[in-house]
Amino acid sequence: MFRLIRLEWIKTFNKLRTYIGFIAICVVLPLLFIGLKLDKGRFLTSSASYNVLEQNFHIMGNLLNGFFVSQLAMYFLMVHIPFFIVLVAGDQIAGEATAGTLRMVLIRPPSRMRIFAAKVAISLIYTIMMVLCLAVLSLGLGIILFGTGDLLVREEGLLILSEQQAVCRFLIAYPLAMLAMGVVAALALLLSVLVENAIGPIIGTMAIVVISFIISETPISLFVKIRPFLFTTYSKVWQKAFLDPIPFNDITISVIYLFLYMVLFLGAAFFIFNRRDILS
Amino acid sequence: MNSDIVLYTGRLTKRFKNVIAVEDLDLSVSRGDIFGFLGPNGAGKSTTIRMLLGLIRPTDGEIRLFNRSLENNRKDLLGRIGALVEKPSFYNYLSARRNLEIFATLTNRRPDPRDIDRVLDIVALLHRADDKVKTYSHGMKQRLGVAQALLGNPELIILDEPTAGLDPKGIKEIRRLIIELAQQGLTVFLSSHILHEVEQMCRNMAIINKGRLVVHGGVKELLNSDSDIFSVKVDRPGEAADLLKTREWVESVEALSGAITVKIKEQQVPVMTELLVQSGFHIFAIQPQRSLENYFLSLLGADNV
Numbered sequence: 001m002f003r004l005i006r007l008e009w010i011k012t013f014n015k016l017r018t019y020i021g022f023i024a025i026c027v028v029l030p031l032l033f034i035g036l037k038l039d040k041g042r043f044l045t046s047s048a049s050y051n052v053l054e055q056n057f058h059i060m061g062n063l064l065n066g067f068f069v070s071q072l073a074m075y076f077l078m079v080h081i082p083f084f085i086v087l088v089a090g091d092q093i094a095g096e097a098t099a100g101t102l103r104m105v106l107i108r109p110p111s112r113m114r115i116f117a118a119k120v121a122i123s124l125i126y127t128i129m130m131v132l133c134l135a136v137l138s139l140g141l142g143i144i145l146f147g148t149g150d151l152l153v154r155e156e157g158l159l160i161l162s163e164q165q166a167v168c169r170f171l172i173a174y175p176l177a178m179l180a181m182g183v184v185a186a187l188a189l190l191l192s193v194l195v196e197n198a199i200g201p202i203i204g205t206m207a208i209v210v211i212s213f214i215i216s217e218t219p220i221s222l223f224v225k226i227r228p229f230l231f232t233t234y235s236k237v238w239q240k241a242f243l244d245p246i247p248f249n250d251i252t253i254s255v256i257y258l259f260l261y262m263v264l265f266l267g268a269a270f271f272i273f274n275r276r277d278i279l280s
Numbered sequence: 281m282n283s284d285i286v287l288y289t290g291r292l293t294k295r296f297k298n299v300i301a302v303e304d305l306d307l308s309v310s311r312g313d314i315f316g317f318l319g320p321n322g323a324g325k326s327t328t329i330r331m332l333l334g335l336i337r338p339t340d341g342e343i344r345l346f347n348r349s350l351e352n353n354r355k356d357l358l359g360r361i362g363a364l365v366e367k368p369s370f371y372n373y374l375s376a377r378r379n380l381e382i383f384a385t386l387t388n389r390r391p392d393p394r395d396i397d398r399v400l401d402i403v404a405l406l407h408r409a410d411d412k413v414k415t416y417s418h419g420m421k422q423r424l425g426v427a428q429a430l431l432g433n434p435e436l437i438i439l440d441e442p443t444a445g446l447d448p449k450g451i452k453e454i455r456r457l458i459i460e461l462a463q464q465g466l467t468v469f470l471s472s473h474i475l476h477e478v479e480q481m482c483r484n485m486a487i488i489n490k491g492r493l494v495v496h497g498g499v500k501e502l503l504n505s506d507s508d509i510f511s512v513k514v515d516r517p518g519e520a521a522d523l524l525k526t527r528e529w530v531e532s533v534e535a536l537s538g539a540i541t542v543k544i545k546e547q548q549v550p551v552m553t554e555l556l557v558q559s560g561f562h563i564f565a566i567q568p569q570r571s572l573e574n575y576f577l578s579l580l581g582a583d584n585v
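Protein sequences, first through last, are from chains A and B. Quick note: the first sequence uses my numbering, first residue 1, plus one each step. Quick note: the second sequence uses my numbering, first residue 281, plus one each step.
Please note that the accuracy of each hint is not assured.
Stated by the list, open to error - Not everything, but these chain A residues come out facing chain B in the computed CB check (under 7 Å):
1) ILE5
2) LYS37
3) ASP39
4) LEU106
5) ILE253
Said to hold, decoys possible - With a cut-off of at most 20 Å between alpha-carbon atoms, the simulated EDC-like pairs for lysine to aspartate or glutamate come out as follows:
6) B/LYS421 with B/ASP356
7) A/LYS15 with B/ASP522
8) B/LYS545 with B/GLU501
9) B/LYS297 with A/GLU163
10) B/LYS367 with A/GLU217
11) B/LYS490 with B/GLU501
12) B/LYS367 with A/GLU196
13) B/LYS412 with B/ASP397
14) B/LYS449 with B/GLU435
15) B/LYS500 with B/GLU546
16) B/LYS355 with A/GLU196
17) B/LYS490 with B/GLU303
18) A/LYS225 with A/ASP244
19) A/LYS15 with B/ASP411
20) A/LYS15 with B/GLU460
21) B/LYS297 with A/GLU217
22) B/LYS449 with B/GLU460
Claimed, not checked - Some chain A residues well away from chain B (every beta-carbon gap over 12 Å; in silico):
23) LEU4
24) LEU16
25) VAL79
26) GLY100
27) LEU102
28) PRO109
29) SER111
30) ARG114
31) ILE125
32) LEU279
Derived from the structure by calculation, the hints contain no laboratory data. Note that this is a predicted model, so its numbers are computed, not measured. Ideal placement from N, C-alpha and C gives every residue a C-beta, glycine not left out.
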């Protein structure tokens, strides 16, 4: 199995499109942080909630610190990361079908199950690397440019977490974000086995993610009824890592749902892939 | 079943919804043979090949390779087969060597790096091994396609239209290569719609049309190659045809405008030439008609080709 994953690694990481996501993060994050640095904290101090805080408390230390900007970057970029993941995961099978290499692979001894498993593995590895890239770069660059300090959380009111707490919360949030993005990768793989052109799964997955996200966020009674059935409702689970106390029950439920969605998408994808006639 | 049969299909059928692509196809290919699988475009050749390689599931029927069922022994059997299905496709952003490493690793757990050099050498691409495939010409990609089919020393190679899109030089190279491979003991299953190609290279053949087997057997036996058809460009073709009709060694003769078509044994050609010249006819050309082409047309009817 490892040799198959290694082959998928060679195929995936020799493609230019694989690096688009990393390049985008490496460009956007420094731009965002430099912008915040030049802004000299006005972004933070001009907000109404900060003014309320300042009126009631004596603020010491540095609230515009590496942890704050890293959390901010997470909010900004977690909307865009699915697109980069879909670019790679959606191409895994449909891209090979379009190029004609899928039939060259499937006439060899390894079973379709093993080929599919290797493609799932590389898609999830890529997803993990993408979130890790965001984590390492945002925390690293954030701390270098803004230093450390307590983390101001503007979720369900104002909350201030100590440095140690902030580190713990990031350690919980990033793996949860990986899981949420893993479901997007699984959905892209499902669409990838359904069509034989590489663009279809990319557009299809993004369309599903965007529509689901809109339904999950719009407070209309019809949408509220649909929400529990959408994976995007649970994919914001990483945000709960910054609440106090941490709602472990909510997180557990979301994690279970995300796992179930992943199993459902991958199971359906494998079922179709295993039975499909390869005509490309 | 004869142990020398390396490829066998029994009542092989594939339906796509209401369309029957292949129906009740019975084939057998012996070890060491170059077997021609012939049919017009859309006859079901590629669908058959895809079924032989597990890319398409048959609706009905049986596939046996090396006397074992493909369905139950897929992994072992595909390890003994090399194939080129339609046009060769590669990871264009990787080098030829890297591509072959990928396919070799899929074929064998521990591929021998020398095997890659060996197959590249066979198709005369060793000097371009480290160039990206996207820099290759169509002919080079086709040769690389044959090279990947030879990885791991297969016992049977299945080639689907291996000369498609090649220039005459490329076609000649691929044909020479196939004949050399067969001389080394490989069994070659060659699908083609080029009649001349099958006639030149194959010992046995099957012709399919509209998914059904039309004929199956030895090329020579099927063509009765002792007799051939010749087009003789001659003045006064009507009179020349009348003259030849009187000779018992002429199997058939037909006058056309400016020429006659004669079916005779090849060794009778000098006799016919002498007879026509002595009878005062002027012969401008004698051209053998490709016998398989005629045979093919006679089997399928011109409208079906």
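Status of the hints after comparison with the structure:
1. Residue-level restraint check for A/ILE5 is violated (minimum Cβ-Cβ distance to chain B is 11 Å; threshold 7 Å).
2. Interface restraint check: A/LYS37 against chain B, minimum CB-CB distance 38 Å, threshold 7 Å, status violated.
3. The interface hint given for A/ASP39 is violated, since its Cβ lies 41 Å from the closest Cβ of chain B, which is over the 7 Å cut-off.
4. Checking A/LEU106 against chain B by beta carbon gives a least distance of about 6 Å; that is within 7 Å, so the hint holds.
5. Annotation: interface hint on A/ILE253 violated; nearest CB of chain B at approximately 41 Å, more than 7 Å.
6. Among the hinted pairs, B/LYS421 with B/ASP356 is inconsistent with the structure: their alpha-carbon atoms are about 28 Å apart, more than 20 Å.
7. With a CA separation close to 71 Å, the supplied pair A/LYS15 and B/ASP522 exceeds the 20 Å bound.
8. For the proposed pair B/LYS545 and B/GLU501, the alpha carbon gap of about 14 Å is at most 20 Å, so the pair holds.
9. With a CA separation close to 64 Å, the supplied pair B/LYS297 and A/GLU163 exceeds the 20 Å bound.
10. Distance hint between B/LYS367 and A/GLU217 is unfulfilled; the C-alpha atoms sit about 48 Å from each other, more than 20 Å.
11. In summary, the hint linking B/LYS490 to B/GLU501 is not supported, as the alpha carbons are separated by about 24 Å, beyond the 20 Å threshold.
12. The straight-line distance between the Cα atoms of B/LYS367 and A/GLU196 is roughly 17 Å, inside the 20 Å bound, and the hint therefore holds.
13. For a cut-off of 20 Å, the pair hint linking B/LYS412 to B/ASP397 stands: about 16 Å separates their Cα positions.
14. Using a Cα cut-off of 20 Å, the hinted pair B/LYS449 and B/GLU435 is violated, with the two alpha carbons roughly 27 Å apart.
15. The suggested pairing of B/LYS500 with B/GLU546 holds, with an alpha-carbon distance near 14 Å, which does not exceed 20 Å.
16. About 25 Å separates the Cα atoms of B/LYS355 and A/GLU196, which puts this hinted pair outside 20 Å; it is violated.
17. For the hint linking B/LYS490 to B/GLU303, the alpha-carbon distance of about 9 Å falls within 20 Å, and the restraint holds.
18. Simply put, A/LYS225 and A/ASP244 have alpha-carbon atoms about 28 Å apart, too far for the 20 Å limit, and the pair is violated.
19. The suggested pairing of A/LYS15 with B/ASP411 holds, with an alpha-carbon distance near 16 Å, which does not exceed 20 Å.
20. With a C-alpha separation of about 37 Å, the suggested pairing of A/LYS15 with B/GLU460 is violated against the 20 Å cut-off.
21. Distance hint between B/LYS297 and A/GLU217 is unfulfilled; the C-alpha atoms sit about 43 Å from each other, more than 20 Å.
22. For the given pair, B/LYS449 sits about 17 Å from B/GLU460 by alpha-carbon distance, which is consistent with the 20 Å threshold.
23. The beta carbon of A/LEU4 is not kept farther than 12 Å from every beta carbon of chain B, the shortest such distance being approximately 8 Å.
24. At the 12 Å boundary, the C-beta of A/LEU16 falls inside the reach of chain B, the nearest C-beta of that chain being 8 Å off.
25. Annotated as non-interface, A/VAL79 keeps its C-beta farther than 12 Å from every C-beta of chain B; the closest such distance is 30 Å.
26. The beta carbon of A/GLY100 sits about 3 Å from the closest Cβ of chain B, which is not more than 12 Å, so the claim that it is off the interface is violated.
27. With a least beta-carbon separation of about 8 Å from chain B, A/LEU102 fails to lie farther than 12 Å from that chain, contradicting its non-interface assignment.
28. At roughly 5 Å, the least C-beta separation between A/PRO109 and chain B is not larger than 12 Å, which violates its mark as non-interface.
29. Distance check for A/SER111 against chain B: the nearest CB is about 7 Å away, which does not clear 12 Å, and the non-interface claim fails.
30. The beta carbon of A/ARG114 is not kept farther than 12 Å from every beta carbon of chain B, the shortest such distance being approximately 10 Å.
31. Even its closest Cβ contact with chain B, about 18 Å, leaves A/ILE125 beyond 12 Å, as expected for a residue assigned away from the interface.
32. Listed as a non-interface residue, A/LEU279 fails to keep its Cβ farther than 12 Å from every Cβ of chain B; the least gap is roughly 7 Å.
Checked against the numbered hints listed earlier, the structure breaks hints 1, 2, 3, 5, 6, 7, 9, 10, 11, 14, 16, 18, 20, 21, 23, 24, 26, 27, 28, 29, 30 and 32; every other hint is satisfied.
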